[in-house]
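2 protein chains.
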Amino acid sequence: MTDIKIKTASSESVVHCGAGAFEKYAKKHKGRVFIVTDKNVYSLYGNLMRETFGSEAVIKVLPAGEKSKNSRNLLSIIGAMAEAGVKRNGLVIAFGGGVVGDIAGLSASLYMRGVRLVQIPTTLLSQVDSSVGGKTAVDFGKIKNLIGTFYQPEEVIADPMFLDTLPKRELNCGLGEIIKYGALDGEIYEKLCKNKDRLYDCGFLGGITADCIRHKADVVRRDEHDLNGIRKTLNLGHTTGHAFELYYGRRPHGEYVLIGMYYELYIAKRKGVCGGEYSDNLISLIKKIVKVPAYADIENSAVLAKHDKKNSDENISLVVPQSEGKSAEIFIGLDEYIRLLNECGRSL
Amino acid sequence: MTDIKIKTASSESVVHCGAGAFEKYAKKHKGRVFIVTDKNVYSLYGNLMRETFGSEAVIKVLPAGEKSKNSRNLLSIIGAMAEAGVKRNGLVIAFGGGVVGDIAGLSASLYMRGVRLVQIPTTLLSQVDSSVGGKTAVDFGKIKNLIGTFYQPEEVIADPMFLDTLPKRELNCGLGEIIKYGALDGEIYEKLCKNKDRLYDCGFLGGITADCIRHKADVVRRDEHDLNGIRKTLNLGHTTGHAFELYYGRRPHGEYVLIGMYYELYIAKRKGVCGGEYSDNLISLIKKIVKVPAYADIENSAVLAKHDKKNSDENISLVVPQSEGKSAEIFIGLDEYIRLLNECGRSL
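Protein chains in written order, with our numbering: chain R, 1 to 348; chain X, 1 to 348.
Hint data in this document are derived by calculation from the structure and do not stem from the laboratory.
Owing to the predicted nature of the structure, the values given are computational and were not obtained by experimental measurement.
Careful, some of the hints might be misleading.
Partial list, derived from the structure: chain R residues whose beta carbon lies under 10 Å from chain X [what the hints assert, rightly or not]: (1) SER11; (2) HIS16; (3) PRO63; (4) GLU224.
Backbone N, C-alpha and C fix where the C-beta goes; we use that ideal spot for every residue, glycine too.
In isolation and in its complexed conformation, chain R is listed as follows (with noise of 0.2 Å):
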């Protein structure tokens, strides 16, 4: 087990990761919970919530999926906590995947101005990115995350054992982060191409989890609020594919982050940004967790990535690999990154 710190200007955050973690945290816990979780985590682990938190606790229950993170269930979240009686000085969980973390950790930060919040990550994406950092959100109006604030959880409880019930889809969401990392940190990079057989197995897992956080957790402490280009690292691929994702939809994120990846690393080298040994090896992660396709209609996914709201100006700006460890920010207009990710389309 790990416990990594993450201290900013504003507050401190603990993450413990590991197996084991949740039983400690369990173990340590006193007094009354206020839980948002979603239907599928609590069919899961309901039994296991009413155990470790009591009857006492109130366990608020979302529909699962993205639709969920929207601000009527944001304000039906706030209007259970004033009917449970939460006080200023009350504990929300979060419990449950990215949405669940989402909207749970916004209403914490809205509720009477901020109450302690604690986020216990059930998938393997939420264990590596949005569990940490303390970015919180809802959807509105058809735009993602318009709606949110930086708030620090005081701890996040990263847990292997969630992992066992998860479905390939949903590890290959947190293998698409994984990967990013990778692209990102020499370390993780080198774990993964020498694991790359094995990147399934939970034991592997485990580790490079904790591992991705401690990157995070780095970059969260030097730019908590995105303001000064370090935190936007980590949107490596994620510019492109989320385009992809807002245009054609119906596959996982972390699988958009992944094909948005092997887009940008195509422009990467294209531009003579990153090439060679490096970039093969990034492509041949990406491959093995998911088949690269041929997008049919680029200028109308493309146009997306403009509205982007990283990208203030003319220029789209993409974070890309260089070598080990290191990344670029590039800027490219609309007219050469669609004519580079045609290219790279017929290229598949």
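Following the hints, position chain X against chain R.
Then chain X, alone, in the frame of chain R:
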């Protein structure tokens, strides 16, 4: 003109107070803005907004009054911001009184996890109190300020030019808070005593506003998130005032603060915490602004003080004046609280 800087762990804010502050801001201001205001303020200053911020400015006009501070209007402001294409580096201007400042501040803090915010408070109350310190909120499910954030504006423009159009009752609201600052701050107390016959004079109000902001800025610097008890002192008079406000309504908030202060001063005297000439002087200041009523139903109104979000345990906590520039926190059981409020009412 005075500039007061508020540096907290998470950000920095500058309050520009005094005559000419608005004109100076108008001159240096650049770029497109999103303005939130209300119908009353818009009818008085709509032309000034257009002249100052140009035809590109988007102006969202809310109905006037506390009832507008709700989650429906919050989402409607955020929707309008998205429609207007506000970016991450966009600027929201809260142009109005406390309601506008609270809801616009919350919108700015949530949109894309926070855009730039400038407060232009147009009432005495919002100038001396709500526009400074970064508390934002909307009411929800009949609970005041249930949903909110701490979010510092980059600038506050507190210009007495806006006070000229205020009715006397509206000035009373601000004077309620100003006399509260007098009970916390020796310098402000001296000025109030010296000027007790010109409390409504705009020249006097402009100067004392800067003193109150200076006091509040110092408190916010030391306790931004209301955690260590320092910021709680600003609650002087509010616990009892707010309970009466909830129960009896139909009177401006600032007058309730004064009425609450009067009743709490009585309790402080009876408990031996505050007395003598100091207490008499504060009472005579209060009586210059408001006629303190003897409430008939103390029992049912006082019990509402228990629901105050600052009272998380059995006793009621009150911050009361002690001596010049000094306050004390006292804890009192509900029964004794009701008994002393009744005594105070009978003495009127």
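These are the hints, each one checked on the structure:
no., hint, in the structure
1, SER11, "holds (9 Å)"
2, HIS16, "violated (24 Å)"
3, PRO63, "violated (20 Å)"
4, GLU224, "holds (9 Å)"
When held up to the earlier numbered hints, the structure conflicts with 2, 3 and fits the remainder.
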